[in-house]
Amino acid sequence: MSGALEASFDLLLGAALLWLAWHSVAAPQVLRRVAMFLVFGLLMALVWARLGAPDLALAEAAIGAGITSALLLGAGVATPHPDLDGAATRTTRSACGVPRPVLAVLCTLLGIGLALVMYATASTPAPAPSTAAVDAHVLGNPVTAVLLDFRGYDTLLELLVLLVALLGARVLGERLEPVPATAPPGGVAPMLDQLLAMSTPVLLLTALYVLWAGSDAPGGAFQAGALLAGLGVMYSLAGRLQPLAHTPHRLRLLLVLGVGAFALFACASLLWSPAPLTFPARGARALALTLDLALMISVAVTLVLLFLAAPGARIGRR
Amino acid sequence: MSGLDLLAVALVCAGCAFFLTGTLGLLRFPDPRARLHALTKADNVGLGLICAGLGVLDASVAGALKLALVWVLGMLASTLSAFLIARQETVRSGGQRR
Amino acid sequence: MSLWAYCATAAGLFAIGLYGLLAYSDFIQRLLAANIMVSAVFLYLIVTAASTATPPHPVPQAMVLTGIVVAVSVTALALVLVLVRCLRALPDDAAPRPQDTAGSADG
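Quick note, the sequences are listed as chains P, W and R, same order.
Last residue of the first sequence: 318 in the numbering used here, with the numbers rising by one and none dropped.
Last residue of the second sequence: 98 in the numbering used here, with the numbers rising by one and none dropped.
Last residue of the third sequence: 107 in the numbering used here, with the numbers rising by one and none dropped.
Check each hint, because a few of them may be wrong.
Some, not all, of what chain W presents toward chain P, calculated at C-beta under 7 Å [to be verified]:
#1 Leu80
#2 Phe83
#3 Leu84
Covered stretches of chain P (in silico footprint by chain R; criterion: 3 or more residues with CB under 8 Å from a CB of chain R, positions within the stretch not fixed) [to be verified]:
#4 56-64
#5 231-243
#6 253-265
#7 286-297
Just so you know, the hints here were simulated from the structure itself, not pulled from any lab data.
Using N, Cα and C, we set each Cβ at its ideal position, and we do this for glycine too.
Use the sequences and the hints to build the structure in full.
Structure representation (structure tokens):
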């Protein structure tokens, strides 16, 4: 009985995801597509929670649904998009030359084939590697332990990817005038200031809590950084974050804080171990918290600057 | 299933019924302001009932307080969204914005 | 956890994303489709991890977390590119203007 109930819940979730994905790709207006994508991201977070990965659920909701949808909506509004009318949706031409019905059939066949292959490989998997080393780690949350200790190199490179994306956006964004593109036509709503006043302490506290709890419970630096980035997006929408054409020095410091902390850690860890990026025997929790804090700040500032598509920003009314 | 579990299930089902009604209003009401009525009122009550049901299942004060905070934050966000959408609708239909 | 339901979902998401990527010429539509394909791959990764052990093994979870952050940075950079191109900020941009491609029916 409970097996059938679980299966029907999974089936419902999967069907909803597929429906949302289709509309996110094929709906006529940009607004509708991005809204569908937002809900798709939130349902994905539900799927992660269902599969037993709560850190991923938090990250998907904050980064995958929240920040990505904000970015897409900002760009979708700022660039010209002709709304597809009836004739446009019934066309059979496609961008790659293959007519759309043929493409649809091919993609369906590919989907069926992929499903069979995925099911075959997932139902007869190799025996899972042992998690003994991760379970014995000082940090109680295995994902944080893997991110910071066992796969610290991957996290360092991930931070570098974020930084490189920001540098690329900065170089390109220098050609754009730093227009506060988020100003609504009627001016800023007064209620937005009230909401900012109420939600700044709440979001700050929640982000710090998620950071702190990430050592032993679901949470972590990336989720906390995304929460702070959401706060920054709200500031930008309320007109209290002005994009600048240059990056102030303090902002540069905050941007490289994450990479710098990891680089320092890599060099310092040679003092107590032949391999870099190894945690010491004592002080592991304090080190993890420091690295997480630097990570959170860097991720938050980078995401806000990517949303603004400007080299720098400062808090202040226009 | 104990009495507490039954109560929790009843609360969550009632919350889902409110959400269903709100979605029905979203799909069937004629203009944006009426749809906002459906969304803000019905959905927030539904959220409150679901949070109450989950709080009953959790049976701890800390968990119940956290869920109450979730409900309050949800109401804050939906209040602001509704206000902004209604304001935009006024601007779009040529009325006086305030 | 129903394995076949999630495998079917992941495969279906990948197929929908691929169709959206190939069939439409609007850049943001294609970016959305690419994001959906990314989600499909992550789903398959975690489904494989979750089918062998509960809770799922932490290394694929960390990989997917890294992947989510990388996906958002790629999306952000791509959108800045789109903004710069569409607002004609690049001086020697020989690509067709958005109005020209929008004149064709499938925008």
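message: Please check whether W:Leu80 passes as an interface residue: C-beta within 7 Å of a C-beta belonging to chain P.
response: OK, holds: W:Leu80 within 7 Å of chain P, min 5 Å.
Assertion that chain R covers the region 56-64 of chain P - criterion: three or more residues, beta-carbon distance below 8 Å: Since three or more residues must qualify, the claim that chain R covers the region 56-64 of chain P holds, with 5 doing so at under 8 Å.
field: Within 8 Å of chain R's CB atoms, at least three CB atoms from the region 286-297 of chain P: coverage verdict
entry: Since 0 is below three, the answer is violated.
task: Using 7 Å as the Cβ threshold, decide whether W:Phe83 counts as touching chain P.
output: Nearest chain P Cβ about 5 Å off; hint holds.
- request: Report holds or violated for chain R covering the region 231-243 of chain P, Cβ cut-off 8 Å, minimum 3 residues.
  value: violated (count 0)
task: Check whether three or more residues of the region 253-265 of chain P sit with their beta carbon closer than 8 Å to a beta carbon of chain R.
output: violated (count 0)
query: Does the nearest C-beta of chain P fall within a distance shorter than 7 Å of the C-beta of W:Leu84?
result: holds, 6 Å
The structure is inconsistent with the numbered hints 5, 6, 7, although it conforms to all the rest.
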